[in-house]
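A.B. asks: Each chain is listed here by its residues.
There are 2 protein chains.
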Amino acid sequence: MKKALLLLGCPESPSQTPMAIYASSKLSQLDYEITIASTPAASKLLEVSDPNGYYVKDKIDIDSCLSTLEEKQYDLLLGFVSKDAAASYFVTFYHILQTESIALIFEKDPDVLEDLTKTVEENTEGKIVSVKAFHNPNPIKVRFDKILAELK
Amino acid sequence: MKKALLLLGCPESPSQTPMAIYASSKLSQLDYEITIASTPAASKLLEVSDPNGYYVKDKIDIDSCLSTLEEKQYDLLLGFVSKDAAASYFVTFYHILQTESIALIFEKDPDVLEDLTKTVEENTEGKIVSVKAFHNPNPIKVRFDKILAELK
Numbered sequence: 012m013k014k015a016l017l018l019l020g021c022p023e024s025p026s027q028t029p030m031a032i033y034a035s036s037k038l039s040q041l042d043y044e045i046t047i048a049s050t051p052a053a054s055k056l057l058e059v060s061d062p063n064g065y066y067v068k069d070k071i072d073i074d075s076c077l078s079t080l081e082e083k084q085y086d087l088l089l090g091f092v093s094k095d096a097a098a099s100y101f102v103t104f105y106h107i108l109q110t111e112s113i114a115l116i117f118e119k120d121p122d123v124l125e126d127l128t129k130t131v132e133e134n135t136e137g138k139i140v141s142v143k144a145f146h147n148p149n150p151i152k153v154r155f156d157k158i159l160a161e162l163k
Numbered sequence: 012m013k014k015a016l017l018l019l020g021c022p023e024s025p026s027q028t029p030m031a032i033y034a035s036s037k038l039s040q041l042d043y044e045i046t047i048a049s050t051p052a053a054s055k056l057l058e059v060s061d062p063n064g065y066y067v068k069d070k071i072d073i074d075s076c077l078s079t080l081e082e083k084q085y086d087l088l089l090g091f092v093s094k095d096a097a098a099s100y101f102v103t104f105y106h107i108l109q110t111e112s113i114a115l116i117f118e119k120d121p122d123v124l125e126d127l128t129k130t131v132e133e134n135t136e137g138k139i140v141s142v143k144a145f146h147n148p149n150p151i152k153v154r155f156d157k158i159l160a161e162l163k
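If you read the protein sequences in the order shown, they are chains S and L. Each residue of the first sequence is one higher than the one before, counting from 12 in my numbering. Each residue of the second sequence is one higher than the one before, counting from 12 in my numbering.
No lab work stands behind these hints, which were simulated from the structure alone. Warning: the hint list may mix true and false statements.
[Unchecked claim] Restraint ranges, calculated between C-beta atoms of paired labels, are given here:
id, chain 1, residue 1, chain 2, residue 2, range
1, S, Pro150, L, Tyr65, 20 to 30 Å
2, S, Pro150, L, Glu44, 30 to 40 Å
3, S, Glu133, L, Ser75, 45 to 55 Å
4, S, Glu44, L, Asp156, 31 to 41 Å
5, S, Asp122, L, Glu58, 43 to 53 Å
6, S, Glu136, L, Ser78, 26 to 36 Å
7, S, Asp69, L, Ser78, 41 to 51 Å
Positions of the beta carbon are idealized from the N, C-alpha and C atoms, including for glycine.
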């Protein structure tokens, strides 16, 4: 079974937790075993969002995960990037893992979105989904589905 | 079976969708049949947040729901209030339904929180959970659990 690591930084956007659940569900269907590495606030939101644990099976603190991370430990890295800190985490995890990587970059402010996208572009060769979004998760969802279709 | 109506306005807060799923799950355990009335953006977030429909069974557009709403149509009204518009919806639904009602008021700005709480307090006799929260859903969750315990 392939292994995917989802990376969640601080959940400023109302779309982050729902999209993390959606991505977990989609990747499970593609036979990935999923681990979600996240900050404490993002982790609490996941717990509340899936109280019966249907979607989120395996969670780990993002810093603990980083401290033991090894090259090729996961087959896929999917980073949620809506803040500078999350972009830095993605770049760091990308260079340690050296595996197939996707950055899902979403922000409501177009200038911030551009900055975040530039940071990821200049520092990694991962696939990038970059989309102006806040409330409405559909623009992120549609582009995420497209990039997943390319994975297969 | 008792019937509960959950009311979701525009999802500014990252805690809203996760708490709506949590509340649905908790109220189901208390034998409520749940309908979620929401704005289009809130509805899309719910879909993405529960792609397999484990938690959210019955959704309706908030305005369609309002147009056919009748006194005592639901046994419980639970309103998520983190914007002025959501407070107005709660007050309106409260007066039409005339049923047991809870307002879950959460905001990161203490002044806005106070204003929202005042609006609900002055215009309804519903139970109120009012809490400063944004990222971290736990303060809302803990108080919601307490008020649910009082329901039984």
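A.B. asks: With 26 to 36 Å as the target window, see if glutamate 136/S and serine 78/L comply at their CB atoms.
C.D. replies: Distance hint for glutamate 136/S, serine 78/L is violated at roughly 53 Å.
A.B. asks: If you check the beta carbons of aspartate 69/S and serine 78/L, does the distance land in 41 to 51 Å?
C.D. replies: holds, 44 Å
A.B. asks: Can the suggested window of 31 to 41 Å be confirmed for the beta-carbon pair glutamate 44/S and aspartate 156/L?
C.D. replies: At 32 Å between Cβs, range holds.
A.B. asks: Aspartate 122/S and glutamate 58/L, beta-carbon distance inside 43 to 53 Å?
C.D. replies: Violated, at about 30 Å.
A.B. asks: For the hint 45 to 55 Å, verify it against the beta carbon of glutamate 133/S and that of serine 75/L.
C.D. replies: Hint holds: Cβ distance 47 Å, inside 45 to 55 Å.
A.B. asks: In this structure, is the beta-carbon distance linking proline 150/S and tyrosine 65/L contained in 20 to 30 Å?
C.D. replies: At roughly 25 Å between Cβ atoms, tyrosine 65/L and proline 150/S fall inside 20 to 30 Å, so the hint holds.
A.B. asks: 30 to 40 Å was suggested as the range; check whether the CB atoms of proline 150/S and glutamate 44/L agree with it.
C.D. replies: About 33 Å separates the Cβ atoms of proline 150/S and glutamate 44/L, which means 30 to 40 Å holds.
Hints 5 and 6 from the earlier list are contradicted by this structure; the remaining hints agree with it.
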